[in-house]
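When you get a sec, could you build the whole thing from the sequences and use the hints?
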Amino acid sequence: MNINDPNFLPWLIPVGPLLAFLIITLITNRSKSVLATSAEYGDHNHPGYPGLKVPVVSDLGRVASIVVGLSGIIAAWLISLNVVGYVGGFEHHFGEEVFGSSVPWLATGTTSFNMGVLVDPLTTIMLIMVPLACTMIFIYSIGYMAHDPRQARFFALISLFAGAMLTLVVADNLLLLFVGWEIMGVCSYLLIGFWYEKESAYKAAIKAFTTTRVADVVMLLGIAYLYSETGTLSFRDILYNAEVLNHLATTPAIVFGGISAAGLIGVFLVIGTIGKSAQFPLHVWLPDAMEGPTPVSAMIHAAAMVSAGIYAIIRMYPLLAAGGHPHDGDLTSPLTLMAIVGAFTALFAATIAVAQNDVKKVLAYSTISQLGFMMAALGIGAYIAAAFHLITHAFFKALLFMASGSVIHGMEHGAHHVHEHAHGDDDHGHDEHAAHDAHAHDDHGHDDHDVHGEAHAEPHFDPQDMMNMGGLRKTMPVTFYTFLIGGLSLAGFPLLTAGFWSKDEILADAYLGLTHGYGPHALVFVCLAVAAFLTAFYTMRQLGLTFWGEPRTEEAAHANLGQGVVSVTMTLPLIILAFFAIFAGFVGVPSDFPILGSIFSPEHNPFHHFVGATLLPEMQSASPPFNIVPVLTSFVVALGGLGLGYMMYWRKPLVAGEPDPVIAILGDGLYTTLKNKYYFDELYTAIFIKPSQWFSRVVVSEFIDKGVIDTILHLIARLFVWTGDLIKVLNLWLIDGVGDGIPRAIGAFGVWFRRIQTGRAQQYLLFIAIAAILIGIIFAVSAGILQAGG
Amino acid sequence: MDTSALSLITVVLFLPVVGLIVLLFMREEQAENIKWTAFGFSIATFIASLLLWIGFDNSEPGLQMVQRLDFLPTFGISYYVGIDGLSLLLVILTTFIMPLAILSSFRAHVLHERGRVKLYFMFMLLLEWAMIGVFVAQDLFIFYVFWEVTLVPMYFLIGIWGAEQRVYAAVKFFLYTMAGSILMLLAILYVGTAAGTFAVPEIIAGVNAGTLVFPFSGLLSLDPVSVQSFLFLGFLIAFAIKVPIWPLHSWLPDAHVQAPTAGSVILAGVLLKMGTYGIVRFCLPLFPEASVAWAPYVALLAVIGIIYGAWVSYAQTDVKKLVAYSSVSHLGFVVLGIFALNAAGIQGGILQMVNHGISTGGLFLLVGMLYERRHTKALDAFGGIWKALPLYGAISLIVTLSSMGLPGLNGFVGEFTILLGSFGSEVLGFFFTLFATLGVILAAVYMLYMFQKVYMGELDKEENKNLEPLHWQEIAVMIPILIAIFWIGLQPAPFFSTMDASVNKVVRDVEVYFPENADTVALSMGEK
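As you go down the protein sequences, you meet chains A and B in turn. The opening residue of the first sequence carries number 1 in my numbering; numbering runs sequentially from there. The opening residue of the second sequence carries number 791 in my numbering; numbering runs sequentially from there.
It is possible that part of the hints are untrue.
[What the hints assert, rightly or not] Derived CB-CB ranges, DEER-like:
1. 656(A) with 1248(B): 45 to 51 angstroms
2. 704(A) with 1283(B): 39 to 45 angstroms
3. 247(A) with 961(B): 58 to 64 angstroms
These are computed hints drawn from the structure, not numbers from a lab. Just so you know, these numbers come straight off a predicted model, no measurement behind them. Glycine included, each C-beta is placed from N, C-alpha and C at the ideal position.
This is the structure:
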């Protein structure tokens, strides 16, 4: 096959990372003979390995794993760029015409199932974003994971993760998409639980996996339904086929009368996304997922997993919208569900983010909120705006996560510094430190150096708590400026940042519906506007608490990234992503936007024009005409939120020991509620987890299984024994009295039989063997006779 | 076709017996030789069974490589063996699992403690013979003999080399399955007498042609003429105990937990499939009307089993018991697929039998390795094992994920096909599928719970810190399992194509009795 054939090329995109996973798994496995002791790894001893003799990967293997992992993702990136390059050759037909190929995979009955790849405009934009963001994350990981003994496993897993994501992106059918989707689920399980010694880590991992699994299974149900209705899962056969879509939209659903088959399938698929993209009420797993190493957070929250959820429903949008006309206010059931869930989640998560003090948790809730924006946008039919926000969000959120990782790394560095000075030559302190690490180490493998100086009074210094930070701009300038750019983009700082343009487009679409008086559009507009205001506010709060003012702790005063490879690999990706966090927005400037429109979009909105072609012509919609109201709204909420944050956290920066000013504004009760995330974890534990554990142990296992079923069985057995006894008694009375001859004969046989039946298993076996031989001989002889005869 | 010539099937079937005879003449002291001889014969059987696959014609729905010799012609009983798409994969599964089970026993401490090495391996080969016999027998009587013979070696394997409560478990296993078999024996005798032959293909041909009628008039009609329901149940109950279908499962956890590792592997890997295989082979084609009528009820029990098994698994504190109960859940899926009564469901069901044999067999092997090192199976005794034994942890992870049905691994393909089958089923409604998927969620819950308890967490128990690394034999046992897991997961087409023709034939024969086809049946019967 021609390697340059664009129809074949997409197959190769996921191959690099997948191969990297395989190679790392195999090579590092072979070098697993090295024994790690705390002495060997010196002060970079992994928290989980204090003085323990266990096999780990050799240094050479670890370096090899980095090289292989990086080569894999870079290969994927280059091939993706190459594929994207072919798109130019299609001129204006791209979208109607796509490229890709497929091979038969499974045949049941008369149907055969094909697996293949497909590149259309939607895939193209994902192919621009995903490998780029992944490569940055890989580079960043080199520094971040530099001192972790399980570095090889880390690179193997993120390679698999990236491979699964790319598989999902290039898949031409829902089943292959689901395969990538689930493998990512497993990778996220393993990566969130990467430091599996920690209870919080493995609990978070299990929570993430099971929560998303609930949704995934519903999605699987949708896939099965779709297949049983259409006999195919291929995107080309379903989404590019008006006839099939029409059939699905007019067939009534098998249950829940009143909605169409397309509607019910759509609802199932949307529920899948609600789990994967952490929407209410299945959002609970995502904040806990922060237990993983920070590059994993960037991977899960930006480049891959949560984007996959949104990508999947953008992909399936023609099906979800089949039978409805969202631009005329006629929403189908899945669209309505998305609009409501998305709008609510956007607002709901933004309120929680306001009261979080953990630098990564703020970002986690902001992710949930921003995914709500996309979900809501899709719900009101703003297909392109959702795709646009997906891309810009991926860039600035990956940036923010990695920058926050740098902050945490810097804080740990500072903590280490403080620790060295406090207990530089205290051997006793070191020992105690090691023991302390084993139990209460923080979640950063490369840095197990809790602050020993504070260990007595305050057993666990939290390097992620923003209350411990402040003034970091002085020691970590690159991190500060890139974090600032990412933050402003997230807040939608007008005109300059990518976040502004994508968010503005969602609001413009919603406002257009609002002017026509459509309820869902109005809901989305109001919720998102308020959420955008809160976003700008909590971003400013985060920036202020972290970087502005004076350091609130000794550790913060000494926070920095140090020198060398770690520092370079951890800042370079930030700078590159900061570029995209600003400029990625200019591909989607509406052409009728004053001044800027004529600069960036002289003919038409490039992004809109390009991605819009993915849909069938009758589903495509024009960009909403320029309207000053949504633009002004975007300006007001972004600047208003930023301004309020500035007033509260920058003009008068928080000093050590001072309470967070937001408490005074919200009041204690509301603040505590928000800080505890509306108590959803507690609620779910109380209504789902505890009862099902109780039900499983007490009712099903103890009562039914051991109690009822086995008791009945034992009763039956007892009954037989009693009957046997009864017959024995009857035997003595009656039969013995009737005649002695027969029983005596039986008795004699019994004696003879007992001699055979000595209970020696060997003899049984001998008999069976003899029987088998006899049977064999009979067969052989009779076969011979038969053949001779015939 | 000359059906008396020596068929490859007979070779596959009797190779273990030859091994058994060879072992008979070896002395107990030559333990190493005995082990390797047994292993050699099981490998030879495996290779021979692969030849079966190579020589197999995928497009032929009927029996292949048939051998038939008169045995008791007066009663219409013959030695009649053959394979088709329904049995080929299960024969290979049997010959695939057996060498692994035998190899995994080499270092088992029970064997050193309790001795009788020769006897142990003779039982293994005897068991292999009987299990292959069950899958290749095409004569009801011969089938029954093989079916019963499997009980004997397993009874002794549990009773002699089992754990503390081995006697209770062995007796329970024996009596429970025996009780079910009696009903089947009665049904077999009735069918054989009515048909004048015990040869299954001939009976099925008679049923399809309408020359052999088992009258059917309702689920449990008391009309003495309508025997079909009772015959169906006679077979079904015997199979249901073996599978086991809820609520007839209570022998299984005891037998699994008390059996030595190899015994559990064979139980889970092959013996349970004799039940599900029996349903596809006998219940559906012999009693199609009753099958259609009973399908929703059996499927309901299957769905209850799926959820129930998962739920009970989650409550276990013993690793082996947890895995044992998971079988109830997994086999529920298989039964659900079969009683969807369509091609996707049955093919998914058969593939899932194979998958379950591989994954659960693999899990039992892994649990056994842990047991060899720590002499306990309590979940609480472990924690952080991944760190102590990284390779072991990684292998366990893959097998666990395969058992959970992760896409890309074998379990998913079977599960997904079964879901497609039950979704598209004419006899089952949407809610069967809905509740079955609940089992998929719960599978993740209890499997991850097990994985967390054993492999994750701090390596804080002294006993676990210096575990012996995997022996090469242990790695060698797991490699074929891993290969099978990935092969079926990534490229299932060859497996589906072997069963396609035969499954479609079964479906076609049953389909005519679907409610919406009933009128046409009545019409065509009237014309006759």
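Verification of the supplied hints:
no.	hint	in the structure
1	656(A) with 1248(B): 45 to 51 angstroms	violated (34 angstroms)
2	704(A) with 1283(B): 39 to 45 angstroms	holds (41 angstroms)
3	247(A) with 961(B): 58 to 64 angstroms	holds (59 angstroms)
In this structure, the one hint that does not hold is number 1.
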